[in-house]
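> Could you put together the complete structure from these sequences and hints?
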Amino acid sequence: MVSDAISHSVLPGIVIAFLISGSRDSLVMLIGAGLLGLITTFIIEFLHQKGRLQADASIGVTFTWLFAIGVILLSYFAGDVDLDQDCVLNGEIALLPLDLWYTEGGTNMGPKTIYVSGGITLLVVLVIYFNYKELLVTTFDSGYAASIGISIALWHYVIMGLVSLTTVASFESVGAILVVAFIIAPPATAYLLTEKFKTMLLLTCALGILISISGYYVAVWLDGSIAGAMSSMSGVFFAMAFARYRWTKKRIT
Amino acid sequence: MVEKQPTPLIEIHDLTVAYDKKPVLWDVDFTLPEGKLIGIVGPNGAGKSTLIKAIMGLIPMQSGYVKLFGQGLDKVRDKISYVPQRESVDWDFPTSVLDVVLMGRYHKLGLFKRPRKADKEIAMDSLRKVGMEAFSKRQISKLSGGQQQRVFLARALAQQAELYFMDEPFAGVDAATEKAIVALLKDMVSKNKTVIVVHHDLQSVRKYFDWLLMLNTRLVANGPVDQVFTNEFLEETYGGKLTLLSEVTELMKKEELPNREKK
Ligand SMILES: Nc1ncnc2c1ncn2[C@@H]1O[C@H](COP(=O)(O)OP(=O)(O)OP(=O)(O)O)[C@@H](O)[C@H]1O
Ligand SMILES: [Mg+2]
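Protein chains in written order, with the numbering used here: chain W, 1 to 253; chain G, 1001 to 1263.
Rather than coming from a laboratory, the hints here were simulated on the basis of the structure.
Think of the CB as a built atom: it goes at the ideal place given N, C-alpha and C, for glycine as much as any other residue.
The reader is advised that the hints may include incorrect statements.
Over the 12 Å line for every Cβ pair with chain W, so calculated as not near, a few chain G residues [as the list claims (entries may be wrong)]:
no. : residue
1   : W1026
2   : E1034
3   : A1171
4   : D1210
5   : N1231
No more than 27 Å apart at the CA atoms, straight line, and that leaves these computed lysine-lysine pairs for BS3-like [what the hints assert, rightly or not]:
no. : chain 1 : residue 1 : chain 2 : residue 2
6   : G       : K1193     : G       : K1067
7   : W       : K196      : G       : K1108
8   : G       : K1120     : W       : K198
9   : W       : K196      : G       : K1137
10  : W       : K198      : G       : K1142
11  : G       : K1179     : G       : K1079
12  : G       : K1137     : G       : K1113
13  : G       : K1108     : G       : K1079
14  : W       : K196      : G       : K1117
15  : G       : K1120     : W       : K196
Right, dumping it as structure tokens:
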């Protein structure tokens, strides 16, 4: 839900970044979008806690409002420039190998996305590895966390910052369908398969890889859309996990 | 030389807390001594949990200040342990009993440090004290209510604090376990720790506590149990709940007679 909101509300960030820098360089856009992602979570939290608005209501209000601002900015200032939400956020996985990174000397370093997404992945893994305990205690028992002096707000923003970075970068490279499918399906599937938190994290990653590979071959086989095939595969995996879950449950009771 | 004035362990001055402008605690003012098992009683919604949360700095106060060990909270956090009301967390969270108890060690670890073997031993030891060592690997979603409560207690024990705030630690705990835990708390108090417990069962107040705080938005009474656990104060705390009151009064009459004979 939050990641969906972020994906919409980062639009003004992208437009502003474009207006300031005048370039369509993806890194600049990413920074603008990332900042707006953080501001989004900040506003959502603010409305929820200080404004006593329900969580989903504050998410809804925030992202529609920011998205609207983005659209207005876009049509007002950048109407005649080739910049629309599609070209920025609707990446297409099949085109990835074409967006290459050349060094000054002209050496081909491979697709850009590998570096951007890879860097973000590394960051996420490092934060989870080194701050596992802070993330665990603030999500499980925030009152207790605060009582031993661990800042709930700080870790909340760390998580949300990472979510917004990941979302934005993925939107940019593989497009909306895959982001939504991959943010929800693998963890939901893993949740049905195990109760251990660490196993769940690892299983989620494994499932992500499995879905990508199998989805890719299904797409090649059917000669269809890659994003569509991967999303369908994530549904298939989820259905299998769900069946297994129901079956083991029935046996016990 | 002037003799050192004994500073009270907890000093609350003029504390007022409100949710949405509706005061829940009004001008609460008291001090509590060290090395005692202290009970807090009052009806539902009296502000007992709110009082503890305000002391722990979890909710803003409208006025007043709190001093612990004669200092501000941030200087003495390491010496304080807080056991939230059990319902305050999601017990379906995918984590194990041992992982929850290990949280009791987090305050001693630095930002990027992970729990070490010594921490695990302390956590296991705490689980043993509440009779839960056999459950250390169990997922918390598969515990009964009383077992969840014992996990929270074990986490508090693992903190090795000087001062404990426990919000209804006996809610849903069976009689035998409650007895064992009270014995544990009394043992801690005998080692000069201070334990403050929000409690609902008026019948066991005399048996458990040395000191009692009676609360209903305002402070009703604060002092040694035999001085403040009286009809008059109970009536003031619980207001018109007469059936309850008369039951307790009956009980107290029964209890008081032999007590007097002893003296
Ligand atoms: N987050 C909140 N927002 C608004 N009002 C609240 C909030 N938390 C508590 N209250 C109100 O404050 C009052 C005191 O609540 P508190 O939880 O401190 O009571 P309590 O004495 O611990 O009760 P119990 O015995 O039921 O645990 C209640 O009237 C409650 O409705
Ligand atoms: Mg309470």
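> Among all the numbered hints in the text so far, which are the ones the structure does not match?
Hints that this structure does not satisfy do not exist here, as all of them hold.
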